[in-house]
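Chemist: Sequence:
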Amino acid sequence: MCLIAVNRTDLIKSYKNTVEEFNQTINSLQDKYTRVMIEKDQLQNNFNSLSQKKLELETRVNNLTAEKSQLQSNFNSLSQKKLDLKIFFWLGNLCGPVCYFISNELKSWSDSRQYCRDQGADLVIINTEEKQVSLFSERVWIGLSDIENEGNMTWVDNSAVNQEFWLEEEPNNAGGNEDCIELMPSETIKNWNDLPCSENRKGICEKYTVKNFL
1 MCLIAVNRTD LIKSYKNTVE EFNQTINSLQ DKYTRVMIEK DQLQNNFNSL
51 SQKKLELETR VNNLTAEKSQ LQSNFNSLSQ KKLDLKIFFW LGNLCGPVCY
101 FISNELKSWS DSRQYCRDQG ADLVIINTEE KQVSLFSERV WIGLSDIENE
151 GNMTWVDNSA VNQEFWLEEE PNNAGGNEDC IELMPSETIK NWNDLPCSEN
201 RKGICEKYTV KNFL
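Residue 3 in full-length UniProt numbering is what sits at position 3 of the sequence shown, and the numbering runs on without skipping anything.
Each pair of labels, with its calculated beta carbon distance range:
hint, residue 1, residue 2, range
1, 104, 56, 37 to 43 Å
2, 35, 72, 50 to 56 Å
3, 196, 159, 19 to 25 Å
4, 54, 15, 55 to 61 Å
5, 196, 158, 19 to 25 Å
6, 196, 127, 21 to 27 Å
7, 159, 64, 52 to 58 Å
8, 138, 72, 24 to 30 Å
9, 125, 172, 21 to 27 Å
10, 190, 62, 57 to 63 Å
11, 164, 72, 41 to 47 Å
12, 169, 120, 32 to 38 Å
13, 177, 60, 55 to 61 Å
Straight-line distance between alpha carbons at most 20 Å, and here's what the computed DMTMM-like set of lysine to aspartate or glutamate pairs gives:
hint, residue 1, residue 2
14, 131, 206
15, 207, 105
16, 207, 111
17, 68, 56
What the hints contain is simulated information worked out from the structure, not anything from laboratory work. In this text, a Cβ means the ideal position worked out from N, Cα and C, and glycines have one as well.
Let's have the full structure, built from the sequences with the hints guiding it.
Modeler: See the structure below:
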């Protein structure tokens with residue numbers, strides 16, 4: 001009987017030790033869990049904060065991009081107006097009775113003429129040597145064509161040509177469709193060339209009054 005009592009005592013003591021170990025393990029795990037949850041909350045807060053900053057930065061980037069686009073649009077608009085209104089050269093006094101300006105876009109002869117007309121002008125008529133010498137030496141449309149009557153060159157005001165400044169062997173109506181006249185770079189005063197009206201060139205515009213032009 002005593003042996004059985006001793007064994008029960010040892011067994012109870014062993015159980016108590018085991019329970020204590022379990023409790024310690026549970027407490028340790030609970031502490032670790034608590035620390036992990038605190039760290040998780042901190043990380044979640046950091047994540048939320050970073051997400052908010054990310055959204056704020058994205059909003060700022062979008063706003064700056066929109067502002068940049070608007071500024072670029074304004075700049076392009078102002079640049080266009082500057083180019084459209086810029087006087088490149090003149091005869092006599094500043095614009096005198098006649099202003100000359102050059103379009104900034106490459107267009108067909110008809111579109112170039114329409115551009116000039118939209119500015120209250122027309123493609124230039126070159127009826128004097130003084131005028132011919134004064135104009136830019138670059139490939140540009142002038143107001144001369146035989147669109148209305150093949151072989152009969154006339155200016156945009158329907159006047160006839162009284163002085164000609166053709167390049168050598170021009171006009172040649174190559175291909176049978178060269179009805180519009182351009183001014184080409186040349187070492188001499190003679191720099192007119194006929195070519196298809198659909199080709200894209202700048203155009204020299206001529207305006208007989210500066211009123212309301214600028």
